[in-house]
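> Sequential numbering from 192 applies to the sequence shown in the numbering used here.
Certain hints may be false.
Straight line, CA to CA, 25 Å or less: simulated PhoX-like cross-link-like pairs of lysine-lysine [to be verified]:
#: 1; residue 1: K297; residue 2: K315
#: 2; residue 1: K295; residue 2: K260
#: 3; residue 1: K297; residue 2: K260
#: 4; residue 1: K295; residue 2: K268
#: 5; residue 1: K268; residue 2: K210
#: 6; residue 1: K297; residue 2: K268
#: 7; residue 1: K295; residue 2: K315
#: 8; residue 1: K260; residue 2: K315
Label-pair restraints from in silico Cβ distances [claimed, not checked]:
#: 9; residue 1: T308; residue 2: E271; range: 15 to 21 Å
#: 10; residue 1: R259; residue 2: T204; range: 42 to 48 Å
#: 11; residue 1: E281; residue 2: I207; range: 15 to 21 Å
#: 12; residue 1: D293; residue 2: T204; range: 40 to 46 Å
#: 13; residue 1: I266; residue 2: D298; range: 16 to 22 Å
Calculated directly from the structure, the hints in this document are not laboratory data. Glycine included, each C-beta is placed from N, C-alpha and C at the ideal position.
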Amino acid sequence: EVKKVFEIAEHSTVTIYAKLDDGTLGQIIDVSGIEANARYYVQTDDDAFKKVHITTLEPFFERLRTDRKRPESDIIKVQEVFCNQGILLEDLMGTGELAITDAKLKDCGITQFGLRTAILAVIKSMQ
192 EVKKVFEIAE HSTVTIYAKL DDGTLGQIID VSGIEANARY YVQTDDDAFK KVHITTLEPF
252 FERLRTDRKR PESDIIKVQE VFCNQGILLE DLMGTGELAI TDAKLKDCGI TQFGLRTAIL
312 AVIKSMQ
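Generate the whole structure from the sequences, applying the supplied hints.
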(Lines of atoms letter the chains of each structure in order from A and count residues from 1; the text may use other names and numbers.)
(Lines give C-alpha, C1' and ligand atoms only; values in the text may rest on other atoms or scores of the structure.)
Protein backbone atom coordinates (compact mmCIF):
# COMPACT_ATOMS: atom_id res chain seq x y z
CA GLU A 1 0.00 0.00 0.00
CA VAL A 2 1.35 3.40 -0.93
CA LYS A 3 0.72 6.29 1.43
CA LYS A 4 1.27 10.00 1.06
CA VAL A 5 3.98 11.13 3.47
CA PHE A 6 4.21 14.60 5.01
CA GLU A 7 6.92 16.07 7.20
CA ILE A 8 5.19 17.19 10.38
CA ALA A 9 6.99 19.07 13.14
CA GLU A 10 7.34 17.19 16.40
CA HIS A 11 4.48 17.85 18.85
CA SER A 12 2.24 19.23 16.07
CA THR A 13 -1.47 18.72 16.22
CA VAL A 14 -2.92 16.96 13.17
CA THR A 15 -6.58 17.18 12.25
CA ILE A 16 -8.12 15.04 9.50
CA TYR A 17 -11.26 16.11 7.65
CA ALA A 18 -13.51 14.41 5.10
CA LYS A 19 -15.77 16.19 2.63
CA LEU A 20 -19.40 15.56 3.54
CA ASP A 21 -22.27 15.09 1.08
CA ASP A 22 -23.29 18.75 1.48
CA GLY A 23 -19.78 19.90 0.50
CA THR A 24 -18.66 20.94 3.97
CA LEU A 25 -15.72 19.40 5.81
CA GLY A 26 -16.31 17.17 8.81
CA GLN A 27 -13.57 16.29 11.29
CA ILE A 28 -12.58 12.62 11.51
CA ILE A 29 -12.51 11.64 15.18
CA ASP A 30 -12.00 7.87 14.84
CA VAL A 31 -9.25 7.06 12.31
CA SER A 32 -10.43 3.45 12.08
CA GLY A 33 -13.18 4.78 9.79
CA ILE A 34 -10.74 6.01 7.14
CA GLU A 35 -11.42 4.20 3.88
CA ALA A 36 -9.31 3.45 0.84
CA ASN A 37 -10.17 5.42 -2.30
CA ALA A 38 -11.59 8.36 -0.32
CA ARG A 39 -10.38 11.96 -0.24
CA TYR A 40 -9.28 13.50 3.04
CA TYR A 41 -7.85 16.84 4.09
CA VAL A 42 -5.08 17.11 6.67
CA GLN A 43 -4.31 20.22 8.68
CA THR A 44 -1.51 20.68 11.18
CA ASP A 45 -1.28 23.51 13.66
CA ASP A 46 1.39 25.17 11.52
CA ASP A 47 -0.04 25.00 8.01
CA ALA A 48 -3.09 25.16 5.78
CA PHE A 49 -5.09 22.20 4.52
CA LYS A 50 -3.34 19.51 2.51
CA LYS A 51 -5.52 17.35 0.31
CA VAL A 52 -4.76 13.63 0.59
CA HIS A 53 -6.22 10.75 -1.35
CA ILE A 54 -5.80 7.51 0.50
CA THR A 55 -5.78 4.68 -1.94
CA THR A 56 -4.24 1.32 -2.39
CA LEU A 57 -2.13 0.12 -5.25
CA GLU A 58 -2.39 -3.50 -4.17
CA PRO A 59 -4.56 -4.57 -7.17
CA PHE A 60 -1.90 -3.09 -9.45
CA PHE A 61 0.93 -4.89 -7.61
CA GLU A 62 -1.07 -8.13 -7.63
CA ARG A 63 -1.43 -7.89 -11.41
CA LEU A 64 2.35 -7.45 -11.71
CA ARG A 65 2.76 -10.63 -9.63
CA THR A 66 0.16 -12.79 -11.37
CA ASP A 67 -0.37 -11.47 -14.90
CA ARG A 68 3.24 -10.48 -15.57
CA LYS A 69 4.88 -13.08 -13.27
CA ARG A 70 7.26 -10.52 -11.72
CA PRO A 71 9.30 -11.67 -8.69
CA GLU A 72 8.65 -10.16 -5.27
CA SER A 73 11.94 -8.23 -5.46
CA ASP A 74 10.53 -6.33 -8.48
CA ILE A 75 7.29 -5.60 -6.63
CA ILE A 76 9.22 -4.20 -3.66
CA LYS A 77 11.31 -2.02 -5.99
CA VAL A 78 8.19 -0.60 -7.67
CA GLN A 79 6.51 0.00 -4.29
CA GLU A 80 9.56 1.92 -3.05
CA VAL A 81 9.79 4.04 -6.19
CA PHE A 82 6.06 4.79 -6.28
CA CYS A 83 6.09 5.73 -2.58
CA ASN A 84 9.15 7.98 -2.95
CA GLN A 85 7.61 9.68 -5.99
CA GLY A 86 4.11 10.01 -4.44
CA ILE A 87 2.48 8.00 -7.22
CA LEU A 88 -1.12 7.01 -6.50
CA LEU A 89 -3.51 4.72 -8.34
CA GLU A 90 -5.20 7.57 -10.20
CA ASP A 91 -1.77 8.73 -11.43
CA LEU A 92 -1.46 5.40 -13.23
CA MET A 93 -5.01 5.40 -14.50
CA GLY A 94 -5.07 8.83 -16.17
CA THR A 95 -7.58 9.17 -18.98
CA GLY A 96 -6.46 9.24 -22.57
CA GLU A 97 -2.76 8.66 -23.09
CA LEU A 98 -0.63 7.03 -20.42
CA ALA A 99 0.24 9.47 -17.65
CA ILE A 100 3.42 7.50 -16.91
CA THR A 101 5.77 6.69 -19.77
CA ASP A 102 8.76 4.41 -20.12
CA ALA A 103 11.08 7.42 -19.92
CA LYS A 104 9.40 8.68 -16.73
CA LEU A 105 9.68 5.26 -15.10
CA LYS A 106 13.37 5.16 -16.00
CA ASP A 107 13.89 8.67 -14.59
CA CYS A 108 12.20 7.58 -11.34
CA GLY A 109 14.72 4.77 -10.91
CA ILE A 110 13.18 1.72 -12.54
CA THR A 111 16.15 0.79 -14.66
CA GLN A 112 15.14 -2.69 -15.87
CA PHE A 113 13.50 -2.47 -19.28
CA GLY A 114 11.49 -5.66 -18.67
CA LEU A 115 10.06 -4.30 -15.42
CA ARG A 116 9.15 -0.98 -17.06
CA THR A 117 7.44 -2.90 -19.86
CA ALA A 118 5.50 -5.00 -17.32
CA ILE A 119 4.38 -1.87 -15.42
CA LEU A 120 3.14 -0.21 -18.62
CA ALA A 121 1.35 -3.40 -19.73
CA VAL A 122 -0.50 -3.65 -16.41
CA ILE A 123 -1.46 0.04 -16.52
CA LYS A 124 -2.87 -0.37 -20.04
CA SER A 125 -4.78 -3.52 -19.07
CA MET A 126 -6.37 -1.78 -16.08
CA GLN A 127 -7.68 1.23 -18.05
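> Next step is simple, just say for each hint if it's right about the structure.
Each hint tested on the structure:
no. : hint                     : verdict
1   : K297 to K315             : 18 Å, holds
2   : K295 to K260             : 23 Å, holds
3   : K297 to K260             : 20 Å, holds
4   : K295 to K268             : 15 Å, holds
5   : K268 to K210             : 34 Å, violated
6   : K297 to K268             : 12 Å, holds
7   : K295 to K315             : 16 Å, holds
8   : K260 to K315             : 16 Å, holds
9   : T308 to E271: 15 to 21 Å : 19 Å, holds
10  : R259 to T204: 42 to 48 Å : 44 Å, holds
11  : E281 to I207: 15 to 21 Å : 20 Å, holds
12  : D293 to T204: 40 to 46 Å : 43 Å, holds
13  : I266 to D298: 16 to 22 Å : 20 Å, holds
Against the hints set out earlier in the document, a violation occurs for number 5 only.
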